[in-house]
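Starting from the known structure of chain A, fit chain B with the ligand onto it as the hints suggest.
So the protein lines, in turn, are chains A and B. For what it's worth, full-length UniProt numbering labels the leading residue of the first sequence as 1, then goes sequentially. For what it's worth, full-length UniProt numbering labels the leading residue of the second sequence as 1, then goes sequentially.
Treat the hints as calculated values from the structure; they're not laboratory data. Values in this document were obtained by computation on a predicted structure and should not be read as measured data. Hints may be right or wrong, so weigh each one.
Claimed, not checked - Stretch-level coverage of chain A by chain B, calculated; a stretch enters the list once three of its residues show a Cβ under 8 Å from a Cβ in chain B:
1) 119-131
2) 415-429
3) 770-781
Where a beta carbon is used, it is the ideal one built from N, C-alpha and C, also for glycine.
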Amino acid sequence: MSLHDHSVELRPKLVGKRVKRTEDPRLLAGVGQYVDDMAPAGMMHVALLRSDQPHARILNIDVGEAFSVPGVIAIYDATDLENEVRPAIPTSRMPDYYATPIWPLARHKVRYVGEPVVAVVAESRYAAEDALEHITIDYEPLPFAIRQVDAVKDDAPLLHEEAGTNTIIRREFKRGDVDAAFESAAVTVKGRFRMTRKTAVAMENRSYLAEWDARKQALTLYTSSNIPGVIRDVLSGCLDLPGTRLRVVAPDVGGSFGGKGSLYGEEILVCALARKLKRPVKFVSDRLEDLSATSQAFDELIEAELAVTEDGMLIGLRADVIGDVGAYSIYPWTAALETVQVVSFLPGPYRMEHYRGRIRGVLTPKPPTGPYRGVGRPSSTFAMERLIEMAARKLGMDPVAFRRKNLVNADEFPYRTASGIIWDKSAFQECLAGACAHVNYPNLLLERDEARRDGRWVGIGLASYAELTGIGSRISVAPGMPINTGTETAKIEIDATGAITAAFGIASHGQGLETTLAQVIVDELGCKLEDIEVKHGDSALVPMSSGTYASRSAVLGGGAATLAARVVKGKVLRAAAYLMEQSIDDLDMHDGIVTSRNSNCTMTLKEIASAVYSQMGRIPRDQREDLAASETYDPYLGTACSSTHLAMVEVDPETYGVKVLRYVVAEDCGKIINPMIVDGQVQGAVAQGIGAALLEEIVHDDQGQTVAASLADYLVPVATNVPDIGIVHIEADLPNNVGGFRGMGEGGTIGAPATIANAVSDALSHLSVSVETLPVTPERIFRMLQARRDPAAAVTD
Amino acid sequence: MKPAPFEYLAATSAAEAAEALAAANGDGKIIAGGQSLMPMINFRLVKPTILIDINRIAGLDRIEKHGERLRIGATVRHRMTATDALVHRHIPILHDAMHHVAHLTVRNRGTFCGSVCHADPAAEMPMMTLLLDGTIAALSIRGERQIAASEFFVGSLMTSLEPDEFVTWIDIDTLPPETGWGFEEFSRRHGDFALACVATTMRIVDGVACDVRFGMMGVGETPLRLPDIETLVEGQAISERLLQDVSEALKGLLQPNTDIHASADYRRHLAGVLARRALRDAWKRATFRKDGPDA
Ligand SMILES: Cc1cc2nc3c(=O)[nH]c(=O)nc-3n(C[C@H](O)[C@H](O)[C@H](O)COP(=O)(O)OP(=O)(O)OC[C@H]3O[C@@H](n4cnc5c(N)ncnc54)[C@H](O)[C@@H]3O)c2cc1C
Numbered sequence: 001m002s003l004h005d006h007s008v009e010l011r012p013k014l015v016g017k018r019v020k021r022t023e024d025p026r027l028l029a030g031v032g033q034y035v036d037d038m039a040p041a042g043m044m045h046v047a048l049l050r051s052d053q054p055h056a057r058i059l060n061i062d063v064g065e066a067f068s069v070p071g072v073i074a075i076y077d078a079t080d081l082e083n084e085v086r087p088a089i090p091t092s093r094m095p096d097y098y099a100t101p102i103w104p105l106a107r108h109k110v111r112y113v114g115e116p117v118v119a120v121v122a123e124s125r126y127a128a129e130d131a132l133e134h135i136t137i138d139y140e141p142l143p144f145a146i147r148q149v150d151a152v153k154d155d156a157p158l159l160h161e162e163a164g165t166n167t168i169i170r171r172e173f174k175r176g177d178v179d180a181a182f183e184s185a186a187v188t189v190k191g192r193f194r195m196t197r198k199t200a201v202a203m204e205n206r207s208y209l210a211e212w213d214a215r216k217q218a219l220t221l222y223t224s225s226n227i228p229g230v231i232r233d234v235l236s237g238c239l240d241l242p243g244t245r246l247r248v249v250a251p252d253v254g255g256s257f258g259g260k261g262s263l264y265g266e267e268i269l270v271c272a273l274a275r276k277l278k279r280p281v282k283f284v285s286d287r288l289e290d291l292s293a294t295s296q297a298f299d300e301l302i303e304a305e306l307a308v309t310e311d312g313m314l315i316g317l318r319a320d321v322i323g324d325v326g327a328y329s330i331y332p333w334t335a336a337l338e339t340v341q342v343v344s345f346l347p348g349p350y351r352m353e354h355y356r357g358r359i360r361g362v363l364t365p366k367p368p369t370g371p372y373r374g375v376g377r378p379s380s381t382f383a384m385e386r387l388i389e390m391a392a393r394k395l396g397m398d399p400v401a402f403r404r405k406n407l408v409n410a411d412e413f414p415y416r417t418a419s420g421i422i423w424d425k426s427a428f429q430e431c432l433a434g435a436c437a438h439v440n441y442p443n444l445l446l447e448r449d450e451a452r453r454d455g456r457w458v459g460i461g462l463a464s465y466a467e468l469t470g471i472g473s474r475i476s477v478a479p480g481m482p483i484n485t486g487t488e489t490a491k492i493e494i495d496a497t498g499a500i501t502a503a504f505g506i507a508s509h510g511q512g513l514e515t516t517l518a519q520v521i522v523d524e525l526g527c528k529l530e531d532i533e534v535k536h537g538d539s540a541l542v543p544m545s546s547g548t549y550a551s552r553s554a555v556l557g558g559g560a561a562t563l564a565a566r567v568v569k570g571k572v573l574r575a576a577a578y579l580m581e582q583s584i585d586d587l588d589m590h591d592g593i594v595t596s597r598n599s600n601c602t603m604t605l606k607e608i609a610s611a612v613y614s615q616m617g618r619i620p621r622d623q624r625e626d627l628a629a630s631e632t633y634d635p636y637l638g639t640a641c642s643s644t645h646l647a648m649v650e651v652d653p654e655t656y657g658v659k660v661l662r663y664v665v666a667e668d669c670g671k672i673i674n675p676m677i678v679d680g681q682v683q684g685a686v687a688q689g690i691g692a693a694l695l696e697e698i699v700h701d702d703q704g705q706t707v708a709a710s711l712a713d714y715l716v717p718v719a720t721n722v723p724d725i726g727i728v729h730i731e732a733d734l735p736n737n738v739g740g741f742r743g744m745g746e747g748g749t750i751g752a753p754a755t756i757a758n759a760v761s762d763a764l765s766h767l768s769v770s771v772e773t774l775p776v777t778p779e780r781i782f783r784m785l786q787a788r789r790d791p792a793a794a795v796t797d
Numbered sequence: 001m002k003p004a005p006f007e008y009l010a011a012t013s014a015a016e017a018a019e020a021l022a023a024a025n026g027d028g029k030i031i032a033g034g035q036s037l038m039p040m041i042n043f044r045l046v047k048p049t050i051l052i053d054i055n056r057i058a059g060l061d062r063i064e065k066h067g068e069r070l071r072i073g074a075t076v077r078h079r080m081t082a083t084d085a086l087v088h089r090h091i092p093i094l095h096d097a098m099h100h101v102a103h104l105t106v107r108n109r110g111t112f113c114g115s116v117c118h119a120d121p122a123a124e125m126p127m128m129t130l131l132l133d134g135t136i137a138a139l140s141i142r143g144e145r146q147i148a149a150s151e152f153f154v155g156s157l158m159t160s161l162e163p164d165e166f167v168t169w170i171d172i173d174t175l176p177p178e179t180g181w182g183f184e185e186f187s188r189r190h191g192d193f194a195l196a197c198v199a200t201t202m203r204i205v206d207g208v209a210c211d212v213r214f215g216m217m218g219v220g221e222t223p224l225r226l227p228d229i230e231t232l233v234e235g236q237a238i239s240e241r242l243l244q245d246v247s248e249a250l251k252g253l254l255q256p257n258t259d260i261h262a263s264a265d266y267r268r269h270l271a272g273v274l275a276r277r278a279l280r281d282a283w284k285r286a287t288f289r290k291d292g293p294d295a
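So here's chain A without its partners, still in its complex pose (with noise of 0.2 Å):
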């Protein structure tokens, strides 16, 4: 190899750096712009009447003296809108699924308490809210199943009559013979376990604007949405517009965590009203409209049993699952992304022969559950590690040397697990000895032992997983499901000027992609950061986009960013070749400069363009091509990240609180294009699990109204609540797609709701009670404490 090779080699890569993120000077300076900044001129506010009732028929609407208030322009209800939009319907071609159409307005009936029946138009918000208080609604109160014990019975009273039953989605995966592996079991154990409602709380709320151009008959939707391009897809077909007329577009969004990333009936309704009023029209969703109306997540009850040999052996699992999904099916990925996901990865990372995990979706009047981040995974990684953990204390075994006997080792990918998935070559034992060796575990039990013979309750508790990222078209995100989410279009664009400007089908919302793509650019390209500007979340700019969700972005998006830069740089070189009278194959560029290893000249990218681009004759006509490509990416399959979660955490033996001393996380996600975003991406997962395992639930009473109404009430985790978080990176082997990357956005949030579980569970092991309901509150430990002291006592969860 000659020294200019080595030369080459040696050149700093961005990749793999802690590159500051490139949007954060606007974010911080206040200078973004969300959808509630814009105001465009003639703007109308849209307030809605919700519904209070769970379950009613709504038999009449009286507006009242509400056109009395100065501002108020229209009032509607579903009925207005009948001939205006068609619905959405979330449909799917899994057997024995009934797909619930969703309109803007609730039609004859409502479902849930927050659905939104009236819409009021105004000059302002305030005149729209005045308004609401003149209305009123006569509802029929119907009868109603709350929780999904009685949702699921034969008898219990239907929601949506035409679906002729409240369990729209079943579904069982099976592998072997699993009856007959718990026969020949040494030990099982089994628990009910819950993973209680939560919603996602993104700092902004969901926001939308409307606007409608009289001139073109278009139609341009601004929306805190992750899925633009879905939504103009699906909003195509309500509104019977052509893609050339309808726009959607998400400027700066704050944070979605999945509450963001589904079709909104508002969504239809302000597009609606804008063609209707030929007026601009928004509607900006408040606290309390996100807490009873944004899709919310889990809501499982996860009866699983755990089967193992003498010598800790897993060899059979099996589950029976029922998911609350709420009043309506989602749009697109319908009420079975979350619940299918459960007993599909019940198995996660581990070696098992004998499965059987059967799901049941169930209709219940409260809102539908969407996407929240790590999607059924948080809830299948609670049961199957506490189940894990429960083996090994059956067993004696230390839970670390249990998992590391049952982890699916290097030598065995790709694994095939018994529902299906395949694992490709991912860190998995890796990361339990990586996490372990952080904390070095041996001392730290002792440092537990030591705590407790002081009379305090400590436990350490560990959660390994792996999740499918960055899937490509042979799989769908949720099944059966009609989009295509598994490619996605980079195109990359060098202008006159010599600026880059590259163009995805993604939809960044705080994971910092307008930077980590632009690290891959400029490594495969060779120009420099700065001259790059990264487009996203605009329907307009690629031809069909999806957005930013399932840990898609980095693998997809940055598979097709190296696919397109690859192809543009071909262009530049050949240009210059020509340009400087050298041969290609001894021309490179870096930091914007294409330099010879024959020669000492030298052509800046911004020479190269002008050349191209506006110095007519310099490169011959037969010979000239535009500086730009448009590449798409389809990794197929997906790849696995894994990662071990490990935590101390002590409870007050009296107040029964929880405090977390210790959380480290070991993962590998591929090659990492920029640690600090991913340290940054570790830390709020892990912050938003803990909230899972500690403080957040969703609480509907008996007469289906929240009883979480406010952030008052639904805890999130404060910085109090969240400890240091020991960060271990494990790039091992690269996975087999065009970055070697891997999706790590959702991890975090995976693993710690089990993790907490196991530790706080190790905590009260003396009192033999184990944490089977997340969260895990101190009433809850109260509780089990008093039930153990008092079995007549204990009261049902």
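Below, chain B with the ligand alone, put in the same frame as chain A:
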């Protein structure tokens, strides 16, 4: 979440505020720090016709010592109470309590008197006012009325203020330097309203507790002073046996609520735990301080 329409008056004198409040005929609301009122009007839980802002009234933003009492003006912020030297020196338990009130941003605006008027049964200042035998000065166009703290809190978010009255200051006891104190609060997250809280003070004379005060919050419709507990502890040395008796006695005395954060049973349990801890602390501090405050 937008308020119903209201008028707004930035009063520049107490008399102007009193007149406006009287003129509003029961539909006016005083606004001090706005930290409790704004959420309520945004939720339209209250719909005042007029907000009377007392922040520009001169002279209400002070903490002064009048004899053995501290006088806290109506626009004294939590932040000021938390950092005030007089409070720190003469009522260290109040200084401690302030750490549990909300977060810095809320403490920068919220007021001591506003908190007392708001009368949240799980808020610290109403309990401290009760514990420190506070006197609340209520002004109206009919003149000034002084209300004992024991007469002030009548229910959850309910006080004995008349609709045309507002508070200009609150007086509370300073404590003799040898007083020991215990303040124990449990909430789900730091800065949240308490699930239960105990505040207690005592001196040690001849080896036993005297001048015992014992207050609680978060366990009833109002903040509580518990004379039964005070009597139980008065004249006794703190012992595990006595603490056990206090826990037992509390179970019979309290009627806590059940809400989504805690059941009545758990709150009753917590009350016992916190009472034991607070009394132990108070005893320890009193032991330490009886040789002089600077010992
Ligand atoms: C996030 C958050 C957390 C909080 N946590 C806590 C906590 O842990 N502990 C705690 O104690 N408090 C807490 N608070 C409440 C805070 O302390 C409030 O500031 C306090 O309760 C009210 O004081 P204010 O000056 O803001 O009163 P305002 O909100 O202005 O008024 C509250 C009520 O009192 C009336 N009022 C105010 N001043 C007077 C007056 N001089 N005369 C007559 N009526 C008057 C008003 O009309 C209104 O009805 C919290 C608040 C928030 C927003």
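Tested hints:
Check on the segment 119-131 of chain A: 4 of its residues sit with their Cβ under 8 Å from a Cβ of chain B, so the three-residue criterion for coverage holds. Counting residues of the segment 415-429 of chain A whose beta carbon lies closer than 8 Å to any beta carbon of chain B gives 0, which falls short of the minimum of three for the stated coverage. For the segment 770-781 of chain A, the stated coverage by chain B is satisfied: 3 residues place a CB nearer than 8 Å to a CB of that chain, which reaches the threshold of 3.
The structure does not agree with numbered hint 2 stated previously, though it agrees with all others.
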